[in-house]
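These protein sequence lines are chains Z and H, in that order.
Going by numbering that gives the first Met the number 0, the first sequence opens with residue 0, and the numbers climb by one from there.
Going by numbering that gives the first Met the number 0, the second sequence opens with residue 0, and the numbers climb by one from there.
Calculated from the structure, these hints are not laboratory results.
Errors might be hidden in some of the hints.
Looking from chain H toward chain Z, a few residues come up when the C-beta cut is under 10 angstroms (computed) [what the hints assert, rightly or not]:
id, residue
1, Val-134
2, Ala-155
3, Thr-183
4, Pro-307
5, Pro-309
6, Ala-310
7, Ala-334
8, Pro-339
Below, a list of computed lysine to any residue pairs in the SDA-like style, where the Cα atoms sit at most 20 angstroms apart [to be verified]:
id, chain 1, residue 1, chain 2, residue 2
9, H, Lys-165, Z, Val-63
10, H, Lys-231, H, Pro-309
11, H, Lys-165, Z, Met-67
12, H, Lys-199, H, Phe-169
13, H, Lys-165, Z, Ser-70
14, H, Lys-112, H, Lys-165
15, H, Lys-388, H, Asp-242
16, H, Lys-269, Z, Leu-104
17, H, Lys-269, H, Asp-252
18, H, Lys-231, H, Val-274
19, H, Lys-239, H, Met-362
20, H, Lys-199, H, Arg-223
21, H, Lys-269, H, Ser-303
22, H, Lys-199, H, Glu-217
23, H, Lys-388, H, Leu-377
24, H, Lys-269, H, Gly-308
25, H, Lys-231, H, Pro-363
26, H, Lys-231, H, Met-362
27, Z, Lys-71, H, Phe-169
28, H, Lys-269, H, Ala-236
29, H, Lys-269, H, Phe-326
30, Z, Lys-71, H, Gly-308
31, Z, Lys-71, H, Ala-173
32, H, Lys-165, Z, Leu-104
33, H, Lys-231, H, Gln-51
34, Z, Lys-71, H, Arg-168
35, H, Lys-239, H, Gly-180
Cβ coordinates follow ideal geometry from the N, Cα and C atoms, glycine included.
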Amino acid sequence: MLLADIWGMNDLKHADEGPIQVAVLLLFMQGALAVTLAVEAVGSAIIFGGASAISALLSIAGAVVTLMLVSKLRRRRRSARRWVMSLQIGWVVFALVDLGLALALAGRGLTPVGFLVRIVLPVSIFWLLRRPAVRTAFSKKAPVAESHEEDWELEEVWA
Amino acid sequence: MNDGINLLDRYIGSPIYGIAPEHGIAILLVLALAIGSLLVRYLANRGHGRSQAFRERYRALTSTHRLFVWLLSISAASTFGMALGRMASPVSLWLFVAAGAQLVVVRRLLHGKSWRRLASYVLVAVLTVNLGLAVAGITVDQVGLITALLQATALAVVFRSVDGGKVRRFAASATVIGVIGFTTLAGWGGAVVAGIGGEKLGDTPLPAVLLPVGTDREPTAFERAEADRIQKETASAIRKYEDVAVAAAAGYDVGNIVGSQFHAENARYKSDGIVLDPQRPETLVYEPGPNGPVLLGALFEMESIGTPGPAFGGPITVWHAHDHICFALTPPAIAGFESPLGVCPVASISFPVTNEMIHVWTMPGVDDPYSELDEEWLAEYVASVSSRKG
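Produce the entire structure from the sequences given, and follow the hints as far as they go.
This is the structure in structure tokens:
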């Protein structure tokens, strides 16, 4: 169950892993957005038919891959960090292409939500995963430190 | 190429891709929040007691909790601003309550009190009620969407430490994804409801449609006659294209007619320097039928972006353009409209604005040859033509 594998993130292996948890959270949000976009793409494929079906299939694949990467990043898989960073570069490159077209043809930029989702979100994830502490955490087995994050709050909500 | 002017200022588009004027104050309040946080930091560095205490409480938080504080503070500021912008509406009272509740959650977190249960109740309530408002007809704009996304991310922080069975964790993921999905769906729904019938000057159009800025008026007798003449001449000129083989021989792309109101373009006519020639329409429109494609009419198109179409029929013949069109690269084709979330399907690019164009429906008995077709009437027409063909 891919979606069930994302949560329960009170599993800090090192006291400096806060940025990883934020990155995992933001990547999950990116995955959630990708799921919505995939549903929209399927709707478009039904209406427009033909070639848009390929875009819809690629969108579904993109959503699944993103959610798989959330799970792998959470488990500190070394390759996951590189894949996630590559994915973020892809997001930004496509955003810049659209931004260039929008500026050239209409004299305007991306929509505010588009800027947030396509530039701010991927750049934030990329930046978090580039931090030295995160790089160290993914480069070798870091010593297990005492987790001082919010375990105590679990019972408060879900008991 | 654009001449440096924002072309979209010449058009009215769907509010879902823009910012409602009454939400401008929400942006100002978010900026004020950013300036306020810098001020607190400055005062804390200067030894101001309360600012220092505030900063210490913030620094004691974990990374995700700091993120949560920012998400909910920005959301509260934006919600408060939207309430101020809608003071005349009863919705403003709800927005004030929602903003206040979010600030209470932030305060509890900063003061080390239990906050998670309250946060989950507040966020679920705020998102659910706002969804209901969108469904009830309050149009969602970009400020509303950003606020909802921030709240959904805050909800993900609340659910972050969900532990236990797989069902519970699956439910946590599904809830966050569902919130984003339903918010987007409500956005589409509100925009479509606001844009239905929006074809005349001054109307709000459907998503991805742009209408020129202007006001509607009664057409003159000359304009009525011109609109009628162009429609009749077009109907007569394109009748031969009811046979798609003839259309193909003339250069129309009729190789794979699929989907509703398929547009078959003629690359030669699109760049021949001639506009609004009934003998050479840039595009033919077909509807797939059980016994082959049924010709519905033609689409005339300008040759460059930003050039207004000739208003031969005055307010009867309003040209339109499209914005936020997704264009697939695999292979090249229209892949849909840009999501309110600002993204197109994978491997497609967003086309910001198109040339102006106008449909001319040539079917006998069509109610208005220059307006959107009635789906029910169209289905009956296609069925009757198909039965004759069969």
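Checked hints:
The interface hint given for H:Val-134 is violated, since its Cβ lies 17 angstroms from the closest Cβ of chain Z, which is over the 10 angstroms cut-off. At its closest, the beta carbon of H:Ala-155 sits 6 angstroms from a beta carbon of chain Z; the interface hint therefore holds under the 10 angstroms criterion. Nearest Cβ of chain Z to the Cβ of H:Thr-183: about 5 angstroms, under the 10 angstroms cut. The hint holds. The interface hint given for H:Pro-307 is broken, as the beta carbon of that residue sits about 15 angstroms from the closest beta carbon of chain Z, more than 10 angstroms.
Residue-level restraint check for H:Pro-309 is violated (minimum Cβ-Cβ distance to chain Z is 22 angstroms; threshold 10 angstroms). For H:Ala-310, the interface hint is violated, since its Cβ never comes within 10 angstroms of a Cβ in chain Z; the closest pair sits about 22 angstroms apart. A hinted interface residue such as H:Ala-334 counts as satisfied when its beta carbon comes closer than 10 angstroms to some beta carbon of chain Z; here the least separation is about 4 angstroms, so the hint holds. Evaluation of the H:Pro-339 hint against chain Z yields a held restraint, the C-beta minimum of about 7 angstroms falling below 10 angstroms.
The suggested pairing of H:Lys-165 with Z:Val-63 holds, with an alpha-carbon distance near 18 angstroms, which does not exceed 20 angstroms. The hinted pair formed by H:Lys-231 and H:Pro-309 meets the criterion: a straight-line CA distance of about 17 angstroms does not exceed 20 angstroms. Proximity of H:Lys-165 to Z:Met-67 is assessed by CA-CA distance (about 16 angstroms); at most 20 angstroms being required, the pair is judged to hold. Restraint check: the Cα-Cα separation between H:Lys-199 and H:Phe-169 comes to about 47 angstroms, which exceeds 20 angstroms; the hinted pair is violated.
For the hint pairing H:Lys-165 with Z:Ser-70, the CA-to-CA distance comes to about 14 angstroms; that is within 20 angstroms, so the pair holds. Between H:Lys-112 and H:Lys-165, the direct Cα distance comes to roughly 29 angstroms. Violation of the 20 angstroms bound is thereby established for this hinted pair. For the given pair, H:Lys-388 sits about 11 angstroms from H:Asp-242 by alpha-carbon distance, which is consistent with the 20 angstroms threshold. At most 20 angstroms may separate the alpha-carbon atoms for a hinted pair to count; H:Lys-269 and Z:Leu-104 meet this at roughly 18 angstroms.
Taking the CA atoms of H:Lys-269 and H:Asp-252, the gap is about 12 angstroms. The hint holds against a cut of 20 angstroms. Distance hint between H:Lys-231 and H:Val-274 is fulfilled; the C-alpha atoms sit about 17 angstroms from each other, no more than 20 angstroms. Distance hint between H:Lys-239 and H:Met-362 is fulfilled; the C-alpha atoms sit about 13 angstroms from each other, no more than 20 angstroms. At most 20 angstroms may separate the alpha-carbon atoms for a hinted pair to count; H:Lys-199 and H:Arg-223 meet this at roughly 15 angstroms.
As the CA atoms of H:Lys-269 and H:Ser-303 are separated by approximately 10 angstroms, the hinted pair is consistent with the 20 angstroms bound. Under the criterion of a C-alpha separation no larger than 20 angstroms, the hint pairing H:Lys-199 with H:Glu-217 is consistent with the structure, at around 11 angstroms. Distance hint between H:Lys-388 and H:Leu-377 is fulfilled; the C-alpha atoms sit about 16 angstroms from each other, no more than 20 angstroms. Distance check on the hinted pair: H:Lys-269 and H:Gly-308 sit about 14 angstroms apart at the alpha-carbon level, within 20 angstroms; holds.
Proximity of H:Lys-231 to H:Pro-363 is assessed by CA-CA distance (about 10 angstroms); at most 20 angstroms being required, the pair is judged to hold. For a cut-off of 20 angstroms, the pair hint linking H:Lys-231 to H:Met-362 stands: about 10 angstroms separates their Cα positions. Of the pairs offered as hints, the one joining Z:Lys-71 and H:Phe-169 holds, with about 16 angstroms between alpha carbons and a cut-off of 20 angstroms not exceeded. A threshold of 20 angstroms between alpha carbons decides the hint, and for H:Lys-269 with H:Ala-236 the separation of about 17 angstroms falls inside it, so the pair holds.
Of the supplied pair hints, the one linking H:Lys-269 and H:Phe-326 holds, its CA atoms being roughly 18 angstroms apart against a limit of 20 angstroms. A hinted pair counts as satisfied when its Cα atoms are at most 20 angstroms apart, and Z:Lys-71 with H:Gly-308 does not qualify at roughly 54 angstroms. Using a Cα cut-off of 20 angstroms, the hinted pair Z:Lys-71 and H:Ala-173 holds, with the two alpha carbons roughly 19 angstroms apart. Of the supplied pair hints, the one linking H:Lys-165 and Z:Leu-104 is violated, its CA atoms being roughly 49 angstroms apart against a limit of 20 angstroms.
A distance of roughly 78 angstroms separates the Cα atoms of H:Lys-231 and H:Gln-51; the hinted pair therefore is violated under the 20 angstroms criterion. Restraint check: the Cα-Cα separation between Z:Lys-71 and H:Arg-168 comes to about 16 angstroms, which is no more than 20 angstroms; the hinted pair holds. At roughly 46 angstroms between alpha-carbon atoms, H:Lys-239 and H:Gly-180 are farther apart than 20 angstroms, so this suggested pair is violated.
Violated hints, in rising order: 1, 4, 5, 6, 12, 14, 30, 32, 33, 35; the structure is consistent with all others.
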